[in-house]
Amino acid sequence: MFHALVAIKQVPDTTNIRIDPETGNLVREGVPAIMNPYDAHALASAVEWKRKLGGKVTVVSMGPASFTVTIREAVELGADAGYLISDRKFAGADTLATSYVLAAVIQSIHEKDPIDVVFFGKQAIDGDTAQVGPGVAVRLDLPIITYAVKIRDINLAKRHIVVERKTERWTEVVEAPLPALVTCEKEIAEVPFAPLPDLIRSLRYEPEVLTMESTGIFDAEHVGVRGSPTVVFKMGTPPLPEAGEKINSREIGVEAAVATAFAKADAAGILSSVLGGVK
Amino acid sequence: MNTQDEKIRFDAIVVGAGLAGSTAAMMMARAGLNVALIERGQKAGGKNYFGGAIYTHAIGEVLPDFMDRKPPFERPVTEAGFWMLSKDGGLTKMTVQGGKLGAEPADAYMASRAVFDVWWAEQAQREGALLIPKTSVVDFIRDSAGQVIGVSTDRAQGDVYAPVVIICEGVNNLLTQKLGLIDHDLEPAHVALAFKQVIALPMDTINARFGLPDEKHGLAASVLGDVSLGLPGMGFVYTNNTSVSVGLGMMLDAVVEYRLKPYEVLQRYLRHPAIAPLIKGGQLMEYGAHLIPEGGYRDMPKLYTGGAMVAGDAASMVNALHWEGTNMAIVAGKLAAETAIEAHKQGDFSAQALSQYEARLKDRFILKDMKQYRNFARFLETHPEFMDAYPGFINDALGQFFSAYGMPKKTLFKNILGSLTSRRQLFKAVGDMLSMGRAVMGW
Chain A
230 MFHALVAIKQ VPDTTNIRID PETGNLVREG VPAIMNPYDA HALASAVEWK
280 RKLGGKVTVV SMGPASFTVT IREAVELGAD AGYLISDRKF AGADTLATSY
330 VLAAVIQSIH EKDPIDVVFF GKQAIDGDTA QVGPGVAVRL DLPIITYAVK
380 IRDINLAKRH IVVERKTERW TEVVEAPLPA LVTCEKEIAE VPFAPLPDLI
430 RSLRYEPEVL TMESTGIFDA EHVGVRGSPT VVFKMGTPPL PEAGEKINSR
480 EIGVEAAVAT AFAKADAAGI LSSVLGGVK
Chain B
417 MNTQDEKIRF DAIVVGAGLA GSTAAMMMAR AGLNVALIER GQKAGGKNYF
467 GGAIYTHAIG EVLPDFMDRK PPFERPVTEA GFWMLSKDGG LTKMTVQGGK
517 LGAEPADAYM ASRAVFDVWW AEQAQREGAL LIPKTSVVDF IRDSAGQVIG
567 VSTDRAQGDV YAPVVIICEG VNNLLTQKLG LIDHDLEPAH VALAFKQVIA
617 LPMDTINARF GLPDEKHGLA ASVLGDVSLG LPGMGFVYTN NTSVSVGLGM
667 MLDAVVEYRL KPYEVLQRYL RHPAIAPLIK GGQLMEYGAH LIPEGGYRDM
717 PKLYTGGAMV AGDAASMVNA LHWEGTNMAI VAGKLAAETA IEAHKQGDFS
767 AQALSQYEAR LKDRFILKDM KQYRNFARFL ETHPEFMDAY PGFINDALGQ
817 FFSAYGMPKK TLFKNILGSL TSRRQLFKAV GDMLSMGRAV MGW
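Protein chains in written order, with the working numbering: chain A, 230 to 508; chain B, 417 to 859.
Treat the hints with caution; some may be incorrect.
Straight-line C-alpha distance at most 35 Å; calculated DSBU-like pairs for lysine-lysine [claimed, not checked]:
#  : chain 1 : residue 1 : chain 2 : residue 2
1  : B       : 761       : B       : 509
2  : A       : 285       : B       : 486
3  : B       : 509       : A       : 415
4  : A       : 279       : B       : 509
5  : A       : 279       : B       : 486
6  : A       : 415       : B       : 784
7  : B       : 423       : A       : 318
8  : A       : 281       : B       : 459
9  : B       : 486       : A       : 281
10 : B       : 509       : B       : 718
11 : B       : 784       : A       : 279
Over the 10 Å line for every Cβ pair with chain A, so calculated as not near, a few chain B residues [as the list claims (entries may be wrong)]:
#  : residue
12 : 548
13 : 550
14 : 551
15 : 569
16 : 571
17 : 576
18 : 821
19 : 848
Read the hints as simulated data drawn from the structure, not as lab findings. We put the beta carbon where it would ideally sit given N, CA and C, even for glycine.
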């Protein structure tokens with residue numbers, strides 16, 4: 230039986246987010262909360278493999294009680310069970326403290342019910358760090374495959390997974406022993422339109438809530454603000470790049486315009502670094 | 417886990433979590449029925465939009481303690497009436513304030529449907545109704561005798577069974593048509609396209625510009641005259657806490673026939689010299705539009721069949737002249753629910769049993785008003801002068817009356833009469849007033 234664990238995060242829908250020009254902070258008011266899109270695709274992949282191999286999908290998330298809706302959404306998309314790690318003591322966690330808490334919870338689930346593959350989105354669209362998945366892999370000493378675009382095979386008998394991962398230059402095909410941790414691109418799987426029985430089950434689903442006390446697995450030194458060495462000094466929007474110089478080919482002719490453009494680029498040292506200069 | 421041979425069953429299905437639907441779900445759940453409230457949008461009422469203000473008499477009928485539940489209202493309507501715009505920039509206001517409009521809770525409150533409908537559906541959920549979002553009902557399931565026994569949705573394994581279905585699908589009543597309760601699609605001549613902007617302004621600015629003492633006072637005005645290019649239509653202005661809703665409704669056939677661009681008509685209205693200063697410097701927060709079924713009584717479908725009933729916009733329950741629709745939807749939802757509860761007690765969901773719904777509607781203002789106003793929609797089509805000539809005349813007449821021209825008053829009154837007759841022949845004007853009275857009184 231296949232057991233997949235998917236870590237999911239609730240994020241503000243950044244497609245229509247605004248930045249307060251005076252404070253530089255995100256304006257969260259009126260911005261809908263959604264499941265981090267990469268996580269949704271990772272979950273979709275986990276559910277596809279569950280359907281192929283038989284087994285189950287467990288989701289975990291860390292956040293306030295309002296994250297329950299995101300766990301419900303995961304159940305709608307095919308998760309069988311969900312844990313919400315929710316405790317005021319965990320608030321203010323950076324990626325170090327977050328990966329500590331998630332790793333501890335995943336370890337404790339694994340001890341009761343061995344996990345074959347841990348799925349993460351490649352990053353969250355609010356923080357964009359892409360650090361928590363790798364952080365968890367290191368803490369649990371799991372092989373990690375980042376930027377996965379396709380899972381070619383999960384073989385429970387031979388205990389391995391074969392994954393295509395995207396790099397800037399090419400696609401790599403990587404094999405790793407199970408259990409392994411995979412962080413996913415959106416191409417990994419399409420998010421399904423859930424069957425009605427799954428949706429109905431999700432609407433009344435109550436996730437198991439894990440707190441500092443109820444689990445007793447956390448060291449207070451490593452959670453929340455105390456466990457987070459990262460400090461945000463200032464937030465702001467980067468200045469827009471200034472408009473470049475226009476060379477009007479109608480006024481000086483195409484030939485002259487091209488020559489001018491190349492001369493300027495050469496003078497700025499751009500061409501020499503790319504093409505070895507123009508002769 | 418559900419498997420395919422395990423049917424999804426409820427005691428009742430409501431299609432659409434707008435005001436009628438959530439009301440029906442709330443009442444039936446309160447009576448102990450297991451209710452599925454199926455909504456195609458992400459959220460309850462996610463596809464809804466109105467001017468607008470919402471009436472409390474209907475809300476109180478369903479939830480007597482509604483004020484304790486902190487409804488997400490904007491300002492109360494403490495001033496209401498007509499504004500009449502003239503082509504030369506004039507504005508005559510005929511509004512009432514104080515008196516009954518000062519009551520607490522108020523008769524009506526400004527609201528945003530995107531917020532209010534979610535809250536209203538939450539009240540249904542508190543009673544135990546199950547809100548199933550992001551799911552469209554596409555057809556009905558019927559037994560061999562043709563009686564409705566459930567619905568099918570656009571999801572896999574998406575059939576849901578219940579002995580009674582209340583259809584509150586809104587203006588675009590495809591399911592009502594599918595059930596054969598009405599034999600035609602929406603007709604452009606009987607549907608209004610309403611469009612509006614919500615413009616953010618500081619609270620104090622709104623108070624000062626609209627002459628409101630504080631944020632506990634609000635204005636709701638119907639705007640006539642130089643609004644809809646002389647075509648059948650009406651504008652509106654509503655003051656929210658920190659924004660103003662301004663827009664207008666026009667009959668869809670006119671929009672199509674004259675190839676009007678709604679945003680251009682709206683911009684023209686917003687640039688009127690009497691309107692522009694009210695919204696100057698505001699930030700545009702929202703622009704939206706929605707259809708309103710204004711065909712009235714003659715456009716109402718048959719309201720029930722075996723196993724199903726129709727309520728709200730889907731049943732054309734709108735009184736255009738009085739801006740009523742939300743209140744009718746809520747009361748109709750309640751009456752449909754009462755009928756369904758009774759049907760469950762009797763174990764009889766036949767058309768005969770559900771005909772009680774229509775009887776209940778006849779007892780209340782809904783079918784009484786719909787019937788009385790049955791000619792009103794056609795009246796406006798044939799009397800565009802109420803949109804154009806008369807508001808212009810009233811501005812002109814009052815403007816002359818309250819000006820000292822240094823001329824004998826006899827000349828003044830002659831001029832005022834001339835102002836009317838230049839717009840409309842006198843005998844026709846008298847005839848217009850009589851027809852208006854007939855249309856409203858239903859004679």
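| said: Of the numbered hints stated earlier in the document, which are not met by this structure? | reply: 1, 2, 3, 4, 5, 6, 7, 9, 10, 11, 12, 13, 14, 15, 16, 17
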